[in-house]
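Novice: When you get a sec, could you build the whole thing from the sequences and use the hints?
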Amino acid sequence: MFDIFLRKRIIIVEEIFHEGGPIAVTPLRRGAILAVIQNPFAGHYVEDIAEFMDDLKPLGLAMASQLVAALGGDPTIIEGYGKGAIVGAAGELEHGALWHAPGGYAMREILGGAKAIVPSTKKVGGPGTRLDIPVTHINASYVRSHFDAMEVGIPDAPRADEIVLALVMTTGPRVHARVGGLAASEIKGEDGLR
Amino acid sequence: MKAQIRKIVTVVDETLTEMGQAVEPPVRRAAVAAVIENPFAGRYVEDLAELMDVGEELGKLLAEKAVAALGIEGPKAESYGKAALVGENGEMEHAAAILHPKLGAPVRKILGKGAALIPSSKKRGGPGAVLDIPLGHKDAAYVRSHFDGMEIQISDAPRANEIVVAVAITTGGRPLPRIGGLKVNDIKGEDGLR
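Same order as they appear, the protein sequences are chains A and B.
So for the first sequence, my numbering puts the first residue at 420; every next one is plus one.
So for the second sequence, my numbering puts the first residue at 225; every next one is plus one.
What the hints contain is simulated information worked out from the structure, not anything from laboratory work.
These figures come from a predicted structure and were not determined experimentally.
Each hint can be trusted.
Result set (DSBU-like, lysine-lysine): computed pairs, CA atoms no more than 35 Å apart in a straight line:
id	chain 1	residue 1	chain 2	residue 2
1	B	LYS337	B	LYS407
2	A	LYS542	B	LYS289
3	A	LYS542	B	LYS347
Specialist: Now the structure itself:
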């Protein structure tokens, strides 16, 4: 059991009204929450790290709730999600992978049992490293209108012995989505894919 | 509204610890940026009055959103700053027209007071350029603990014909101020300086 030492929390919300085309009746919102935590495994190789995933669960749930609140407080309007991690230079990529289960399942729980796998990305980097977090529909990964991404980063994080953990949620498709594919209205909602 | 807004980005950061020391209460800072069309992009226009009016509108909108994102009453804000990032087809003077003549008054109205100059910065750049917003105490510019800065970055803005306009508002100064100078408790609040 490891304690979570949280240095900093960042919430970013974008409201997108248009991108050169018709102005959206309801602006698309994309939100990200980032937590800067101490990496308990920084500086040396530790074989057994998996239990840290359990320690991260409460943080994941809190972050998912805070992000929903920042997007207006209604979990039913969330349509897309993604997650990511930036591991400071004294850590390894595998430490970022610890975020997959607690980050992903936290969002799925807060959003009422979302079916689709949560797309993710991670890297090792220094303060100011930017991460492009992929986003897909919460119930059907193939919904083409909801393939999106949000770039995040923090000027002073991660320090070498820190990890930046990130969750992203969106309230709809790309603002001018028009390239066909499976539509959100056609989701069967059985396998998380279609 | 005169401003043609493509998107609005809100960033809130919250510092809970710094160098292992708890920050009590945590310092919270909000930056809100609007990405607007530059009506004068690509040509020289002598009279910039339209952008001055845009500044007035945005001062109100951005300050309201910043205070809302912090979840505080306006008068509880401690420091502020403003900045503009002009896309490549605009001129520095466009940033000046938005920031300096009219943007400050509505910001001060929302914060209840604001005797001090609102510190500012401006530059020209492309999408993803970093904008550093200087911060200073809203009632006394010499309060040393509140000399600070907040960085924002929007991956897809400004496009060539756009301007990013940002206002930052905080609930406090640096996390662990200890370099002396004028303190918040010693503010006279008459001249905006001390």
